[in-house]
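Student: For reference, the chains in residue letters:
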Amino acid sequence: NAGVTQTPKFQVLKTGQSMTLQCAQDMNHEYMSWYRQDPGMGLRLIHYSVGAGITDQGEVPNGYNVSRSTTEDFPLRLLSAAPSQTSVYFCASSYWSGIGDTQYFGPGTRLTVL
Amino acid sequence: AQSVAQPEDQVNVAEGNPLTVKCTYSVSGNPYLFWYVQYPNRGLQFLLKYITGDNLVKGSYGFEAEFNKSQTSFHLKKPSALVSDSAVYFCAVMGRRALTFGSGTRLQVQP
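If you read the protein sequences in the order shown, they are chains A and B. For the first sequence, this note's numbering assigns the number 12 to the initial residue and increments by one for each residue that follows. For the second sequence, this note's numbering assigns the number 23 to the initial residue and increments by one for each residue that follows.
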């Protein structure tokens with residue numbers, strides 16, 4: 012199993028550009044999520060999905076879109092990048108029993124917006 | 023809403039000594055608690071979790087955590103620290119549909 016994979020590893024954007032961060036998992040997990048990590052702030056939830064076709068907002072959703080057309084993939088789209096979106100982005104997945112399922116994290120994408 | 027507090031930004035310990043990384047939580051309902059570790063420029067790795075049952079949870083790499091309901095705490099411990107344990111440790115609590123993380127504690131183990 013490759014686990015949770017993310018591409019690209021690094022990305023530099025100019026203000027106003029758009030891009031998609033890719034996330035895939037091969038564990039047949041129902042639940043997938045996106046977090047951003049900023050210095051001293053831990054991880055904050057952007058969006059999550061409990062299955063194909065079902066998505067919902069997390070704590071910091073503004074400026075980001077998601078869709079879940081397959082169980083395996085959960086891309087995160089930045090519509091018009093802003094310097095405030097400079098961060099490290101992590102994707103995670105888990106089963107969804109609702110009873111303390113362990114989330115497994117990808118290696119992250121480091122994004123810089125100039 | 024649930025929350026997690028990690029009161030120490032950094033913990034320093036000598037190799038071979040016991041270590042403790044502190045975490046307190048707030049959640050309505052049953053607490054599902056987690057510890058993750060992050061090495062430099064890496065993703066988060068799962069260490070252990072508390073769902074129910076025994077208050078002492080054993081996890082990976084010799085780590086364990088003690089759940090204390092009356093003090094709403096879930097402290098991470100290890101009897102004998104290694105230099106290779108140096109990393110950032112995150113405590114998290116599962117809410118209705120997502121994890122809420124603490125701000126992290128940097129553990130520095132000195133040789």
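The set of hints was computed from the structure by calculation and includes no laboratory data. Don't take every hint at face value.
The following residues of chain A were derived to be distant from chain B, with all beta-carbon distances above 12 Å [as the list claims (entries may be wrong)]: (1) Lys20; (2) Gln48; (3) Gly51; (4) Met52; (5) Leu54; (6) His58; (7) Ser60; (8) Val61; (9) Ala63; (10) Gly64; (11) Asp67; (12) Thr82; (13) Glu83; (14) Leu90; (15) Val99; (16) Gly119.
Cβ-Cβ distance ranges computed for the label pairs, FRET-style [as the list claims (entries may be wrong)]: (17) B:Thr42 with A:Thr81: 28 to 36 Å; (18) A:Pro19 with B:Gln130: 45 to 53 Å; (19) A:Asp49 with B:Pro29: 17 to 25 Å; (20) A:Ser95 with B:Pro62: 38 to 46 Å; (21) B:Glu88 with A:Thr26: 45 to 53 Å; (22) A:Arg121 with B:Pro40: 42 to 50 Å; (23) A:Gly62 with B:Asn39: 44 to 52 Å; (24) A:Ser108 with B:Ser25: 43 to 51 Å; (25) A:Val99 with B:Asp76: 47 to 55 Å; (26) A:Pro50 with B:Pro133: 34 to 42 Å; (27) B:Asn34 with A:Thr97: 36 to 44 Å; (28) B:Glu86 with A:Val23: 37 to 45 Å.
Computed from a prediction, not measured in an experiment: that's the story for all the values here. For every residue, glycine included, the Cβ atom is placed at its ideal position computed from N, Cα and C.
Student: Give a verdict on every hint.
Tutor: Results of checking the hints against the structure:
{"no.": "1", "hint": "Lys20", "in the structure": "violated (10 Å)"}
{"no.": "2", "hint": "Gln48", "in the structure": "violated (9 Å)"}
{"no.": "3", "hint": "Gly51", "in the structure": "violated (6 Å)"}
{"no.": "4", "hint": "Met52", "in the structure": "violated (6 Å)"}
{"no.": "5", "hint": "Leu54", "in the structure": "violated (5 Å)"}
{"no.": "6", "hint": "His58", "in the structure": "violated (10 Å)"}
{"no.": "7", "hint": "Ser60", "in the structure": "violated (10 Å)"}
{"no.": "8", "hint": "Val61", "in the structure": "violated (7 Å)"}
{"no.": "9", "hint": "Ala63", "in the structure": "holds (16 Å)"}
{"no.": "10", "hint": "Gly64", "in the structure": "holds (16 Å)"}
{"no.": "11", "hint": "Asp67", "in the structure": "violated (7 Å)"}
{"no.": "12", "hint": "Thr82", "in the structure": "holds (17 Å)"}
{"no.": "13", "hint": "Glu83", "in the structure": "holds (18 Å)"}
{"no.": "14", "hint": "Leu90", "in the structure": "holds (22 Å)"}
{"no.": "15", "hint": "Val99", "in the structure": "violated (9 Å)"}
{"no.": "16", "hint": "Gly119", "in the structure": "violated (5 Å)"}
{"no.": "17", "hint": "B:Thr42 with A:Thr81: 28 to 36 Å", "in the structure": "violated (43 Å)"}
{"no.": "18", "hint": "A:Pro19 with B:Gln130: 45 to 53 Å", "in the structure": "violated (31 Å)"}
{"no.": "19", "hint": "A:Asp49 with B:Pro29: 17 to 25 Å", "in the structure": "holds (20 Å)"}
{"no.": "20", "hint": "A:Ser95 with B:Pro62: 38 to 46 Å", "in the structure": "violated (24 Å)"}
{"no.": "21", "hint": "B:Glu88 with A:Thr26: 45 to 53 Å", "in the structure": "holds (47 Å)"}
{"no.": "22", "hint": "A:Arg121 with B:Pro40: 42 to 50 Å", "in the structure": "violated (35 Å)"}
{"no.": "23", "hint": "A:Gly62 with B:Asn39: 44 to 52 Å", "in the structure": "holds (46 Å)"}
{"no.": "24", "hint": "A:Ser108 with B:Ser25: 43 to 51 Å", "in the structure": "violated (23 Å)"}
{"no.": "25", "hint": "A:Val99 with B:Asp76: 47 to 55 Å", "in the structure": "violated (35 Å)"}
{"no.": "26", "hint": "A:Pro50 with B:Pro133: 34 to 42 Å", "in the structure": "violated (27 Å)"}
{"no.": "27", "hint": "B:Asn34 with A:Thr97: 36 to 44 Å", "in the structure": "violated (30 Å)"}
{"no.": "28", "hint": "B:Glu86 with A:Val23: 37 to 45 Å", "in the structure": "holds (42 Å)"}
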